[in-house]
Amino acid sequence: MAKKLVTLRIDEHTLQVPEGMLVVDAARKVNVDIPVFCYHPKMDPVGMCRMCLVDVGRPVIDRATGEVVKEADGSPKIAFGPKLDTACTTPVSEGMVVITNSDKVRAARKEVVEFILTSHPLDCPVCDKGGECPLQNLTMAYGPGTSRFIFDEKMHLAKHVPLGELVWLDRERCIQCGRCVRFQHEVVDDPVIDFFHRGRSLEIITDSEPGFDSVFSGNTTDICPVGALTTADFRFGARPWEMVSAASLCSHCPVGCNITYNVRREAKTGGNMVIKRAMPRQNEGVNEIWMCDKGRLGYHFTESKQRLSEPLVRKGGELVPAGWDEALDLVAQKLREAGSSLTVLAGGRLSNEDLFNLRRLADAAGGQAVLDTHMGGGDLAALAVERGAALIVVNPNETRLDKFATHTLRYNPGELLLTFGGFLESAAGKVFAEAENALVFYGSNGLGLQQSTYLAYAAAELLVKTGHYGKANNGLIPVWPKANSQGAWDMGFRPASNLGDQLRQSKAVYIAASDPAGDDPALAAALDEAKFVIVQDLFLSETAKHADVVLPAAAYTEREGSFTSGDRRVQRYYPAATPRGLARPDFIITAQLAGRLGVELPAAAALVLDQIAAQVPAYAGLSYQKLAEVHEQWPIIGRSDVYYGGTGYENKHGLGVQLPCAAERGEKIDLPAAANPVLPSVPAGSLLVIPVARLYDQGATLRPTALLDGRIARAELALNPETAEKFGLQAGGEALIAAGGWRVQVAVRVDSHLPVGLGLVPRSTGVPVFGPTAVTIEPVQVEIKA
Amino acid sequence: MFQGLWTTLKSMFEKPPTIQYPEEKRPVRTRFRGRHVLKRYDNGLEKCIGCALCASACPADAIFVEASENTDEQRFSPGERYASTYEINMLRCIFCGFCEDACPTEAIVLGDNYELTFTERTGSIYTKQMLLEAVPEGVKTTPQVTPPGVFTRSVPEMKDPTD
Ligand code: SF4
Ligand code: SF4
Ligand code: SF4
Ligand code: SF4
Ligand code: FES
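Here the protein sequences come in this chain order: G and D. Each residue of the first sequence is one higher than the last, beginning at 58 in the numbering used here. Each residue of the second sequence is one higher than the last, beginning at 5 in the numbering used here.
Since the hints were made in silico from the structure, they are not lab data. One should not assume that every hint holds.
As the list claims (entries may be wrong) - Covered, in the sense of this in silico footprint (three residues per stretch, anywhere, with C-beta under 8 angstroms from a C-beta of chain G), are these stretches of chain D:
| id | stretch |
| --- | --- |
| 1 | 45 to 53 |
| 2 | 64 to 78 |
| 3 | 83 to 90 |
| 4 | 111 to 122 |
Unchecked claim - With beta-carbon atoms standing in for the labels, derived distance ranges:
| id | chain 1 | residue 1 | chain 2 | residue 2 | range |
| --- | --- | --- | --- | --- | --- |
| 5 | G | S204 | D | G153 | 40 to 46 angstroms |
| 6 | D | T131 | G | Q363 | 27 to 33 angstroms |
| 7 | G | E375 | D | T131 | 50 to 56 angstroms |
| 8 | G | Q363 | D | F36 | 31 to 37 angstroms |
| 9 | G | I207 | D | S88 | 32 to 38 angstroms |
| 10 | D | T131 | G | F206 | 57 to 63 angstroms |
No residue lacks a Cβ here, since even glycine has one placed at the ideal position from N, Cα and C.
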């Protein structure tokens with residue numbers, strides 16, 4: 058749908074742009090800067106600040122003939138408006154003439170800046186925005202040197218207003234551009250902040266409980282053109298010009314948001330390079346210019362005091378510090394002894410390089426590479442996303458997505474696959490079958506490993522049946538629990554059908570970036586039976602406490618690597634912080650171990666990727682250079698003109714490479730038949746509970762972010778009021794839930810949106826529910842003190 | 005010749021310009037640029053607000069500042085921000101005085117002290133405690149407990165310098 062092009066003139070440039078484009082955007086195409094405060098290229102214009110005033114003229118049309126009136130010299134006659142127009146609300150039109158550099162325009166800008174500054178504090182020295190502040194920059198560029206207004210008449214307002222625990226407002230600095238409010242309403246659809254009062258007394262307020270209850274709240278601090286909104290995390294952390302930036306990726310989920318870490322030396326940590334803040338890095342194919350608060354704040358694990366900094370070896374029942382050589386020699390010897398009864402268990406937060414080397418090590422020793430996950434189907438994943446489609450939501454309970462859905466289907470937990478059976482006959486199914494392109498996103502909410510695997514098969518079958526596979530913009534996209542679960546599948550890791558048994562029977566277990574013992578007490582017991590346990594991690598996890606050798610790994614922020622996102626885009630990240638103590642990158646540790654076993658593995662990230670490209674068909678042709686390629690993105694964001702798009706970063710370090718799916722490469726996928734998994738039988742007096750994912754989970758890399766303590770998922774049981782009553786539970790009370798050998802105390806949350814007869818427990822909170830499980834429930838009597 | 009000897013003879017009885025340093029010291033000029041001092045207000049609060057503008061102005065990259073937030077229970081300086089770390093590396097400093105010019109609160113001043121000696125390199129790093137001047141007589145040192153809503157402005161109203 059190519060739009061009609063119109064020709065217009067902006068100052069001395071003549072250009073052609075698509076119809077409907079705004080003058081302010083058109084000007085950027087020819088590098089003419091029109092200053093803005095309230096306009097943002099990702100949101101609808103509102104014309105509130107008047108900073109973008111320009112002189113707009115249009116050709117005069119003779120009403121009688123419909124012809125353009127000509128001047129004496131034959132050029133079209135242009136009529137300028139009596140006043141200036143706002144470039145951010147004026148769409149281009151044929152023959153338009155825009156003047157941005159006349160004295161009239163300059164005078165207007167000067168007055169707008171002077172007006173905005175009538176009540177702006179002199180805060181730049183202490184303001185977190187100082188140095189990257191649109192108001193500062195535009196005042197220097199276009200403002201008056203002095204003000205005609207009286208200094209003493211400035212409004213004095215509250216300077217320290219926490220909108221929530223994460224974002225703080227300084228009322229004096231706000232210039233009422235409305236970007237933050239519009240962002241929450243238009244872009245996120247979390248309308249939790251609003252304007253209050255009018256005119257000079259206008260204020261930004263939050264109307265949610267807890268305050269500013271939105272997981273994208275941090276983005277408002279990027280697009281706020283002044284220092285009115287700041288994150289509690291970065292408050293006074295450093296001046297923007299003092300920090301260096303390192304391109305990176307978020308490691309908290311499989312979307313693979315492109316981010317930039319700002320790093321600075323810190324006296325507190327003895328002069329180490331420490332991450333001060335995370336900012337989005339533009340990638341229009343992934344996160345555009347946004348990121349969620351989990352990614353923005355979840356980097357504190359890097360500097361955590363609990364990090365492992367030297368290898369530990371168990372001697373006389375205690376884990377004691379040892380040198381690398383000693384630890385590696387011991388591990389190598391044990392791996393050699395274990396031979397084929399070695400199990401390598403890896404978590405999905407490792408990079409492709411780590412996973413590849415680990416699998417090569419497992420192969421070399423004759424052992425097995427196992428992925429620690431509760432979700433399956435990674436061998437079927439496919440390709441990219443397009444917008445503006447029909448959205449069909451299939452979920453057991455109401456979710457926020459329902460609002461955007463064209464069709465909503467509900468199923469009883471465990472009977473999901475029955476839904477697929479009749480799907481094509483339903484109204485939603487018809488839309489799906491007839492759609493030009495179709496994508497299935499599937500996750501593991503409420504499902505265990507077995508069920509989600511079946512789900513993947515069923516979804517794949519559906520796509521094949523309707524012909525939606527093997528071409529761009531079609532296929533299956535898994536919503537993984539970890540950043541690089543997809544990479545782990547691609548590197549040849551597969552979940553074990555019975556992890557407990559496998560651990561028990563292994564002579565040596567090598568666990569990297571995974572904490573089975575912490576997740577499930579039954580696995581902790583299994584680990585104790587394994588002969589020799591090697592744990593390679595950032596922290597002394599529950600699992601590490603059961604280990605014979607603990608190897609300290611460098612965090613992903615301290616080294617190079619690449620992740621493969623859920624929609625199979627391979628992207629690379631760069632080192633940001635100083636490595637902790639003696640910690641080494643996972644792939645180097647593995648390579649050094651392999652060396653002791655007489656196998657040569659590359660010990661440089663780029664070389665590992667070269668080998669991946671050579672050995673993993675889907676990754677053929679990849680290299681670090683290729684991952685670092687960028688092409689120009691629109692809108693242009695993150696250059697020195699921060700007023701236009703906010704303080705996000707321009708992407709100079711790579712947009713990543715989208716992998717083709719197996720079908721596109723001409724390979725055939727064998728579709729195993731999808732059986733409907735059996736639900737556990739629910740005896741009378743028991744309740745069926747399913748595990749659900751929470752954004753702020755208790756993952757090892759998120760817990761060290763103290764700021765999120767209030768929002769992090771806790772052990773709880775959520776159920777419908779009717780169900781709660783049946784079990785004698787009260788909202789806000791506590792309950793003991795138990796099943797096959799475990800008993801856990803949880804908080805009770807009552808939510809009328811949930812289906813009757815079903816309980817929800819968040820994953821990662823220490824409740825060992827990994828799939829639909831029948832549990833017995835006992836209310837805990839809370840003693841009421843007089 | 006006698007004329008020359010006479011000059012010699014005359015200078016023998018003149019007051020010698022040499023002084024017995026370090027027993028005797030000359031006062032420095034008003035605009036002398038010696039070792040830095042971090043100033044305080046009369047009420048004992050630190051003038052420095054941790055803005056790091058001095059550090060960014062410094063051509064020798066000699067200053068390192070880290071800021072933290074004031075509260076009324078623990079107040080170091082007026083306004084919200086104070087310098088929790090303030091270090092100057094005197095080996096790097098070229099005593100140009102740019103830091104003094106950049107400071108929005110006149111907190112850092114190049115003082116009279118020119119006697120800077122260290123026996124090792126790390127000794128050249130002067131910390132905030134070494135640079136801060138003493139509190140005036142009868143005033144509490146920082147952090148102070150202050151009444152709420154009084155010290156809300158970081159940058160005071162200032163006049164142009166007179167000397
Ligand atoms: S918002 Fe900008 S102009 Fe206003 S005080 Fe902060 S840095 Fe200065
Ligand atoms: S807080 Fe910032 S983004 Fe929001 S209206 Fe005020 S100036 Fe605009
Ligand atoms: S006097 Fe000059 S060189 Fe020394 S700290 Fe100040 S700005 Fe830096
Ligand atoms: S001495 Fe002055 S310029 Fe330097 S940090 Fe303190 S207030 Fe800012
Ligand atoms: S009115 Fe156009 S940018 Fe604000």
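Now for the hints, and whether the structure bears them out:
Residues of the stretch 45 to 53 of chain D with a Cβ under 8 angstroms from some Cβ of chain G number 1, which does not satisfy the need for three, so the listed coverage is violated. By the rule of at least three residues with a Cβ nearer than 8 angstroms to a Cβ of chain G, the coverage given for the stretch 64 to 78 of chain D holds, with 5 such residues. Taking a C-beta to C-beta cut-off of 8 angstroms, the stretch 83 to 90 of chain D contributes 4 residues in contact with chain G, enough for the three needed, and the coverage statement holds. Figure legend: the stretch 111 to 122 of chain D, annotated as covered by chain G; annotation inconsistent (0 residues with Cβ-Cβ distances under 8 angstroms, at least 3 required).
Our hint of 40 to 46 angstroms for S204(G) and G153(D) is violated, since their Cβ atoms are close to 26 angstroms apart. Between T131(D) and Q363(G) the beta carbons are some 29 angstroms apart, a value that agrees with the proposed interval 27 to 33 angstroms. Checked against the given bound of 50 to 56 angstroms, the beta carbons of E375(G) and T131(D), roughly 40 angstroms apart, lie outside it. Judged by the Cβ atoms, the range 31 to 37 angstroms given for Q363(G) and F36(D) is violated: they are separated by roughly 51 angstroms.
Taken as a hint, the range 32 to 38 angstroms holds for the pair I207(G) and S88(D), whose Cβ atoms sit roughly 36 angstroms apart. Look at T131(D) against F206(G): about 42 angstroms separates their beta carbons, and that is not inside 57 to 63 angstroms.
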